[in-house]
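Protein sequences appear in the order of chains A and B.
Using full-length UniProt numbering, you'd call the opening residue of the first sequence number 1 and step up by one each time.
Using full-length UniProt numbering, you'd call the opening residue of the second sequence number 1 and step up by one each time.
As a list, the in silico EDC-like pairs of lysine to aspartate or glutamate whose alpha-carbon atoms are at most 20 angstroms apart: (1) K100(A) with E278(A); (2) K100(A) with D15(A); (3) K425(A) with D276(A); (4) K327(B) with E51(A); (5) K327(B) with D131(A); (6) K244(B) with D316(B).
Partial list, computed: chain A residues near chain B (C-beta under 8 angstroms): (7) A59; (8) V137; (9) T144; (10) A151; (11) P387; (12) G390; (13) V395.
Every beta carbon over 12 angstroms from chain A, so not counted as near; a handful from chain B, in silico: (14) A309; (15) G349; (16) E359; (17) R376; (18) Q415; (19) G461.
These are computed hints drawn from the structure, not numbers from a lab.
We put the CB at the ideal spot given by N, CA and C, even for glycine.
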Amino acid sequence: MATKDAEAKEPEPADIIRPILNTSMKWYAAIGILSAVALAWLAAFGFQLQEGLIVTNLADWGSGGGVTWGLYIGAFIWWVGIAHGGIILSAAVRLFGMTKYQPVARMAELLTLTALSMSGLYIVVHMGRPDRLVTSVVNAYPWTVQSSPLAWDVTVITLYFVMTATYIALTLRYDTYQLRDRLPDILDPLYRVVLIGYSEKEDEVIERMAWWLALGIIVMAPLLLHGGVIPWLFSLIPSMPGWDGAIQGPQFLSIALTSALAGLIVISYTTRIAYDWEHIFTDSVIRGLTNWLGIFSLMFVWLQLQQIINGLFAAHVRPEVVMTAKLSNTIYQMAMVTMFLALAYIFAQAVKPSVFSRHLSLVAALGVLVATLSEKILFVFEGLAYPEFGLYDQVPGHYSPSLVELSSVAGTVALCTLMYMVIMKLFPIIELHSVEDHDDDHDNEEVSA
Amino acid sequence: MSADDAKDTNEEPTHPYETEDSFHPLGAEWEENMRSELEDTEFDADLGMEMARDAQRLVAGELSEEEFYAEYHEDMEDEFDVDERPVFDDIDDVDLDKAEDESMFEALTDVDIENEDVSRREMMKKMGAGAAFLGYGAYATYDSQKEQEEVPQQVSGIRPAEEDGREHRWGMVIDLERCDGCLSCVTGCINENGTSTGANWMYVFTYDNHDTEQQNFLVRPCQHCSNAPCAKVCPVRARHVRSKDGLVLTDYEICIGCRYCQVACPYGVNYFQWGEPDVPMEELEHLDMRPEDVRSLDEDERHTKLSEANDHVYDDRGRWTDSRPPKGVMGKCTMCPSRQDEHTDNEKGTVACMDACDEAGMSAIHFGDLDDEESRPNTYLERRKEIEESPKEKNKKFEDPEEYEQPPAPHPKSQLSTFRLLEDLNTQPNITYIGNEPGPHASETPEERPVHYEALSNDWGVNVVAERKEHLDYGARANDDNTPGEEEGEA
Ligand code: SF4
Ligand code: SF4
Ligand code: SF4
Chain A
1 MATKDAEAKE PEPADIIRPI LNTSMKWYAA IGILSAVALA WLAAFGFQLQ EGLIVTNLAD
61 WGSGGGVTWG LYIGAFIWWV GIAHGGIILS AAVRLFGMTK YQPVARMAEL LTLTALSMSG
121 LYIVVHMGRP DRLVTSVVNA YPWTVQSSPL AWDVTVITLY FVMTATYIAL TLRYDTYQLR
181 DRLPDILDPL YRVVLIGYSE KEDEVIERMA WWLALGIIVM APLLLHGGVI PWLFSLIPSM
241 PGWDGAIQGP QFLSIALTSA LAGLIVISYT TRIAYDWEHI FTDSVIRGLT NWLGIFSLMF
301 VWLQLQQIIN GLFAAHVRPE VVMTAKLSNT IYQMAMVTMF LALAYIFAQA VKPSVFSRHL
361 SLVAALGVLV ATLSEKILFV FEGLAYPEFG LYDQVPGHYS PSLVELSSVA GTVALCTLMY
421 MVIMKLFPII ELHSVEDHDD DHDNEEVSA
Chain B
1 MSADDAKDTN EEPTHPYETE DSFHPLGAEW EENMRSELED TEFDADLGME MARDAQRLVA
61 GELSEEEFYA EYHEDMEDEF DVDERPVFDD IDDVDLDKAE DESMFEALTD VDIENEDVSR
121 REMMKKMGAG AAFLGYGAYA TYDSQKEQEE VPQQVSGIRP AEEDGREHRW GMVIDLERCD
181 GCLSCVTGCI NENGTSTGAN WMYVFTYDNH DTEQQNFLVR PCQHCSNAPC AKVCPVRARH
241 VRSKDGLVLT DYEICIGCRY CQVACPYGVN YFQWGEPDVP MEELEHLDMR PEDVRSLDED
301 ERHTKLSEAN DHVYDDRGRW TDSRPPKGVM GKCTMCPSRQ DEHTDNEKGT VACMDACDEA
361 GMSAIHFGDL DDEESRPNTY LERRKEIEES PKEKNKKFED PEEYEQPPAP HPKSQLSTFR
421 LLEDLNTQPN ITYIGNEPGP HASETPEERP VHYEALSNDW GVNVVAERKE HLDYGARAND
481 DNTPGEEEGE A
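Only chain A is shown next, with the shape it has when bound in the complex:
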């Protein structure tokens, strides 16, 4: 293998705290650019707060001739998908002892935390009256939670946020304790908080707790977030044939896993370059992630096919209308072509290892991320544009997101990255365990503490 040299080098604890100890100019530059993008979007959001949602290109569906949910909801789903996929992947690594991927586990959890924050932000951005969000929701919660899928969403997102944060906090204690003398003093107060009540005896208990949490996450995966409440937001609305139907559950879950894997590939690729982690995110790890990406992308494409065939072949009038419209939409076609290209590459490199290149994997991952985001926005738009009640069809409807809406995508990506980069300065984002007993590829020798 080409990377034999890199892989021969053993990962050490020194590697995983490198991001905390060394801060390069590039880091500051990146923070600067990202902050600028995020601020630009926040200004746009402020403008929206002032003027109302009229600054978006959304409108009333029906006689109004627009769609009332659009990019904001599509991007919301996309972020939740990344978050949900991330935590499922990390749980799978823990549960099934996939030590090869252990270095990505915490990165995936962190991705869950940051992506979930962005989806929460999108809920706020989407509202007409975000100022009432807390008071109104809390007041009626005991009743709405019985009937409103949106109330379920808020519940589950909060639940997942708390669960992931607990998960990360628990597993961080060990690492922080072990590495404390090597971590910067200036952050000591923070570490002291993290280590409240820590004793070495708890390690085993925490290991078990983390395992059970992981089990819980895997078992609940088909019900919560992208396996359940998020697709139910749409599939329980029988008046929109583009959304209706039990296929949305698996469809959303496949998208979640696809985009989370793509996200992880991007992160491991970048951090590998930034922190000389060639021996941690080896080509073999990236290749493995690429293969997984292939499997889930295939599922995603396959479920799309199911839905389209069901809509086109002797379906009711309206489902046929939606599916025809979907198929003939250029953005949809582009998204699908991207998926096919990514798949072609992934399968080629699976069959013939020499085709593999981590750069191509990065390109495939980015392509997949764009494709899933476009598919989600289109899904929201077309559901509303082709309702069961077909009399509105003659109202010339069109929707292309406004600048304010588009800026939110850039803004949240920047914010999410910022969050990620800051957390990387505070805690090791690769688990100490994974460098301590990195014994699946190598013979277990030096374990440094």
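Position chain B with the ligands relative to chain A; hints supplied.
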């Protein structure tokens, strides 16, 4: 199965739970399941369902136990071939106090039937586990529903009260055969509510059914569904159903503007307030008090104050639900609650669109209490049915009988064509249409409108447009730096 029993029970058309939607608190689907389970037994499913239905009335206190037993005495006899009927003759033995704590079914089985041929066990079996389960389930959920009613004032329900518990069920009969597309109702509604440009709470389609050349109209206010999906999905219960009269309203003070109600409504009747409303609050007639102060008044005082102000913004609960919504909040046809609560100059039981339609001489819209047989919509529908039935009128319709191979056969039942929109979505709309339902390939023909929306004028001087998107985009463009002109082409 005994056909007689089925007939017996069917002979009660006035049964309050009969005419309505699913009587079971868990919904129609559940009820259907129970029915099919019952149908699988050798006993009469209709009877079982009927009993369960009444069992609920029993626990709701709408039916006394004596009445209940008396009603089913004979049915049970026929159904279960019990020669002697000690079970129900022994009715006095039923411990009534106990019945309040236990399920009706358990109480029933307390009757001493040991001496008889039929053992309690067998009796249970015969009643059908399904019926027992249904009755019991109904009882349990009824209880939890009661608890639900003790909710804070600001949190409302999502269904109208059952007929006995409500004052009215407002709704409309709209005679599409009388509508000529003059759009007077659209103007009437805008005048009443001060809605913004393009927010046509009342909208009239001009459309073609593909198989006919004829021009059709569909008058489309909110359907004020009794099983309103919009209210179900609202995450804050801003969209709710007023239990006393079934009006589907939005509390403008609670709504967070998520627009899920708009997404869930199958009819596309919701209009969001994307920017500042065209008609400022000062111009709307209303009681100048903060909403929470209005709510804190006691009922009579509130009513007096609202009447003095000829208020058109609050309903009688002191909730801001009428007229156009403020920025960032959802609006739609309200069926004019300030009129129905009698604190405006306009009569209760009228709505502005109907008044306008009457004034235009069309009288296509008939609003009123659907629970009341004497109400305008009900009497109108009756009369239309009678006319349709009378052979003379009928023949007029087929002016050239030769064209038909067989002349239309007289039919014992009315043949008046009525429909409710998208009924199979189970929304239970409270608007009944007279006329032909738009077919699956019907399409709107905006260019053929006899009167165009853009030509309408109103009291507020607000522009009227059919399609709102252009207008909103223009608004966005005025603020935002989008390239102008790209959408100018379309009217
Ligand atoms: S028509 Fe739509 S908005 Fe009106 S009650 Fe029914 S679902 Fe709600
Ligand atoms: S827009 Fe308002 S009324 Fe409609 S669902 Fe959301 S909060 Fe409820
Ligand atoms: S009932 Fe009232 S709110 Fe509804 S369309 Fe008529 S005038 Fe407008």
